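There are 2 protein chains.
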Amino acid sequence: MADPVELLRSPKLPTGFRAAGVASGIKSGAKLDLGMLSSDLPTCSAATFTTNRVKASPVRLSMRHLKGGDLRAVVVNSGNANACNGPQGDLDAREMAASAAAAAGLEVRQMFVCSTGIIGVPLPVEKVTAAAPDLARALRPSGLRDFAKAILTSDKVAKIVSARVGVGGKTVTVTGCAKGAGMISPNMATMLAFVTTDAAVPGDELAAATRAAVAGSFNCISVDGDMSTNDTVLVMANGAAGNRPIKPGGAGARAFRSALSRVMLELAQRLVRDGEGASKFVTVRVRGAGSDRDARRVAEAVANSALVKCSWNGSDPNWGRVIHAVGYAGARVEQDKVDILFGDLYGARGGVVADTPIGELKAAVAGRDFTVTVDLNLGGGGHTVYTSDLSEGYVAYNRLEYALKIQGR
Amino acid sequence: MADPVELLRSPKLPTGFRAAGVASGIKSGAKLDLGMLSSDLPTCSAATFTTNRVKASPVRLSMRHLKGGDLRAVVVNSGNANACNGPQGDLDAREMAASAAAAAGLEVRQMFVCSTGIIGVPLPVEKVTAAAPDLARALRPSGLRDFAKAILTSDKVAKIVSARVGVGGKTVTVTGCAKGAGMISPNMATMLAFVTTDAAVPGDELAAATRAAVAGSFNCISVDGDMSTNDTVLVMANGAAGNRPIKPGGAGARAFRSALSRVMLELAQRLVRDGEGASKFVTVRVRGAGSDRDARRVAEAVANSALVKCSWNGSDPNWGRVIHAVGYAGARVEQDKVDILFGDLYGARGGVVADTPIGELKAAVAGRDFTVTVDLNLGGGGHTVYTSDLSEGYVAYNRLEYALKIQGR
Numbered sequence: 181m182a183d184p185v186e187l188l189r190s191p192k193l194p195t196g197f198r199a200a201g202v203a204s205g206i207k208s209g210a211k212l213d214l215g216m217l218s219s220d221l222p223t224c225s226a227a228t229f230t231t232n233r234v235k236a237s238p239v240r241l242s243m244r245h246l247k248g249g250d251l252r253a254v255v256v257n258s259g260n261a262n263a264c265n266g267p268q269g270d271l272d273a274r275e276m277a278a279s280a281a282a283a284a285g286l287e288v289r290q291m292f293v294c295s296t297g298i299i300g301v302p303l304p305v306e307k308v309t310a311a312a313p314d315l316a317r318a319l320r321p322s323g324l325r326d327f328a329k330a331i332l333t334s335d336k337v338a339k340i341v342s343a344r345v346g347v348g349g350k351t352v353t354v355t356g357c358a359k360g361a362g363m364i365s366p367n368m369a370t371m372l373a374f375v376t377t378d379a380a381v382p383g384d385e386l387a388a389a390t391r392a393a394v395a396g397s398f399n400c401i402s403v404d405g406d407m408s409t410n411d412t413v414l415v416m417a418n419g420a421a422g423n424r425p426i427k428p429g430g431a432g433a434r435a436f437r438s439a440l441s442r443v444m445l446e447l448a449q450r451l452v453r454d455g456e457g458a459s460k461f462v463t464v465r466v467r468g469a470g471s472d473r474d475a476r477r478v479a480e481a482v483a484n485s486a487l488v489k490c491s492w493n494g495s496d497p498n499w500g501r502v503i504h505a506v507g508y509a510g511a512r513v514e515q516d517k518v519d520i521l522f523g524d525l526y527g528a529r530g531g532v533v534a535d536t537p538i539g540e541l542k543a544a545v546a547g548r549d550f551t552v553t554v555d556l557n558l559g560g561g562g563h564t565v566y567t568s569d570l571s572e573g574y575v576a577y578n579r580l581e582y583a584l585k586i587q588g589r
Numbered sequence: 181m182a183d184p185v186e187l188l189r190s191p192k193l194p195t196g197f198r199a200a201g202v203a204s205g206i207k208s209g210a211k212l213d214l215g216m217l218s219s220d221l222p223t224c225s226a227a228t229f230t231t232n233r234v235k236a237s238p239v240r241l242s243m244r245h246l247k248g249g250d251l252r253a254v255v256v257n258s259g260n261a262n263a264c265n266g267p268q269g270d271l272d273a274r275e276m277a278a279s280a281a282a283a284a285g286l287e288v289r290q291m292f293v294c295s296t297g298i299i300g301v302p303l304p305v306e307k308v309t310a311a312a313p314d315l316a317r318a319l320r321p322s323g324l325r326d327f328a329k330a331i332l333t334s335d336k337v338a339k340i341v342s343a344r345v346g347v348g349g350k351t352v353t354v355t356g357c358a359k360g361a362g363m364i365s366p367n368m369a370t371m372l373a374f375v376t377t378d379a380a381v382p383g384d385e386l387a388a389a390t391r392a393a394v395a396g397s398f399n400c401i402s403v404d405g406d407m408s409t410n411d412t413v414l415v416m417a418n419g420a421a422g423n424r425p426i427k428p429g430g431a432g433a434r435a436f437r438s439a440l441s442r443v444m445l446e447l448a449q450r451l452v453r454d455g456e457g458a459s460k461f462v463t464v465r466v467r468g469a470g471s472d473r474d475a476r477r478v479a480e481a482v483a484n485s486a487l488v489k490c491s492w493n494g495s496d497p498n499w500g501r502v503i504h505a506v507g508y509a510g511a512r513v514e515q516d517k518v519d520i521l522f523g524d525l526y527g528a529r530g531g532v533v534a535d536t537p538i539g540e541l542k543a544a545v546a547g548r549d550f551t552v553t554v555d556l557n558l559g560g561g562g563h564t565v566y567t568s569d570l571s572e573g574y575v576a577y578n579r580l581e582y583a584l585k586i587q588g589r
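Residue numbers (our numbering), protein chains in the order written: chain Z, 181 to 589; chain Y, 181 to 589.
Quick caveat, the hints were computed from the structure, so don't treat them as lab data.
Heads up, some of the hints might be wrong.
A pair counts as met if it fits within one copy or between any two copies, since identical chains are not told apart.
[Unchecked claim] In silico BS3-like pairs for lysine-lysine, Cα to Cα no more than 27 Å straight-line: (1) Lys192 with Lys585; (2) Lys336 with Lys427; (3) Lys247 with Lys350; (4) Lys542 with Lys585; (5) Lys542 with Lys207.
No experiment lies behind these values; they were computed from the predicted model shown.
Produce the entire structure from the sequences given, and follow the hints as far as they go.
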């Protein structure tokens, strides 16, 4: 069956959404650092948040506003996470929401708020309130690229994905953008993603579709195994497409979920490709595990091993390091059954070196993209994680941040 | 009370032990790569092994020989882990034990065997068997330094620690040496340690003392969070000091345990200082946790966070990254109670920035050694982990190994 989901070459916002990005001065050098994304119509929304016990002020505020059930817009700043700023941080997050809402003609409770950047530095909220009117005035259907740029931190490129699919007699659009780069780990990261759709989707179905799509995308990536205080995925559906109501389990729901999952997976993979210092995009596929849970443990252990990631950086088909990570993952493993493949070439078979010539193995990991497959040969459990290498560039980038910021240099 | 344990400035083997190290050709360039450590008298021995599900052949053989209860010597090679070499690896480990035992006039079952180095490359056992006679002839009471050098891989320096303590009317000596560098994680790593003592210690007491000492030393260190296939700690006691029998729980047992723990902790800390690419030695101390288990989770999350370790590399007092790792550790955390100190200066107090001037915080992390304290202010649980930073040097060192080795360059 042909894939009913069509990815658009030129991403665009769905009908009834507008976006903007401006330079508020939180970042130096007139860089875009404040964005808004809004719906002209009421929305049904769903979100997932970081599972970090330390949560940024905007995360806690947005959790409450989401529960209110009447979101119309999100305001996002980069350059400052507004995390670990105490009661003042909570006040600042609310002030950010209030000024953005007022500028956009909305109520505070209709505004979702996100921040990303350094932890533990007070948010210069006066820059946000000063820029809010300009931001609201700049909102336009073609404004997504500015919004996507305004939410970036150490990301090198903006990430926007649009898909179309037929749902309930109409073609609906699902469009998302995201930022990532560091602190990327399964179970959410310094990761923000905003997905809009003009599909009409009931609340329960949207929440379930969001959970499923996040589980198969943002929760299957890892750059450095660190999980941030600010991770948020927001999905807003405004119904502007006028499709017939989606019934849970029906064809419309399947089509919508397919598009939502496709958009999120594409965004998640782009986050990994643009990870801090990343020079490789590695798909770690585990199969033959005793359970899916065991497969996930193994995939995450391999994807997060510093030694394994260094070997990828050097284009070294070092299956010994892979199997050592397999061994400590906490999964059921019988070492003389483990196969490890680079691309479709065996590096190890039955826990010992395979007879593939080293030159061929090297060629299999020489490119920017490759797959490492671990087959435990024990059962039917499987899991896939998308990850990157560990480079000197990652270390150099992350050596010095806080003191520079505090000292204003 | 004065510490009854005296660390010796000039480490030496206890009475009745001899050691040697030779160049067998496993490593290129006539580097020492094969060592033996033996007792002239029967020993009582105890050991702990890697918990990695993938275990090297020598680990599995040594587990059996330890159970036999009559160890007299250990033979160790570096440059090759003899891990993941299948049935041939098992045969090679046995051949290594057999040739070393024959050369030393012992039975195979009296020989403990360890290997450390690259995984998945066949052990050139013929080099071991050829060098075994020379190795046995070289055994002497002053041979520990050669042995300690012969077991190194990426370590820069040999690590030997000797302590003396009064036990049962005699002064006994406890002397250990160890190697580490990469794949260092709590719960054992590419880590080998050999401890000898001339104390007479009953088997049960030696096993219990070894478990306790390992728990407080080698299981409290982390370089990169990777756990190897070959980790082994062996303790051999030959009774040559002629002390009165040690009774469990008695003064002699306490004194012996104190010396054994001191030697292992000192060795463990030296492993961290000599970790691959390490430029910092960081003590991560967690207190005020709801339980010791929670404290351990938090200490390990902080010590293993790539982002935190990069900040240490840059001498950046980035408490925001520390608290983000605290938050995802899986422990009970109330973010507005968390204090983070660099040395004795507060970086954060009650989950928000403290008023310590940034210049003072920078000075606190500028040196090679510093302590990061996390106080959760929830209860009486505590744990300490010794760790290092993550440097560009670590990445550069670990980029390329397998292909070079296989291609013989």
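Consistency of the hints with the structure:
1. Taking CA atoms no more than 27 Å apart as the test, Lys192 paired with Lys585 passes in neither setting, with 35 Å inside one copy and 51 Å between copies.
2. In this assembly of identical chains, the alpha carbons of Lys336 and Lys427 never lie at most 27 Å apart, being 40 Å within a copy and 66 Å across copies at closest.
3. When the C-alpha separation of Lys247 and Lys350 is checked against a cutoff of 27 Å, the pair qualifies neither within a copy, at 29 Å, nor between copies, at 73 Å.
4. Proximity of Lys542 and Lys585 under a CA criterion of 27 Å is satisfied inter-copy only: 13 Å between copies versus 42 Å inside one chain copy.
5. Taking CA atoms no more than 27 Å apart as the test, Lys542 paired with Lys207 passes between copies only; the shortest distance there is 23 Å, against 42 Å inside one copy.
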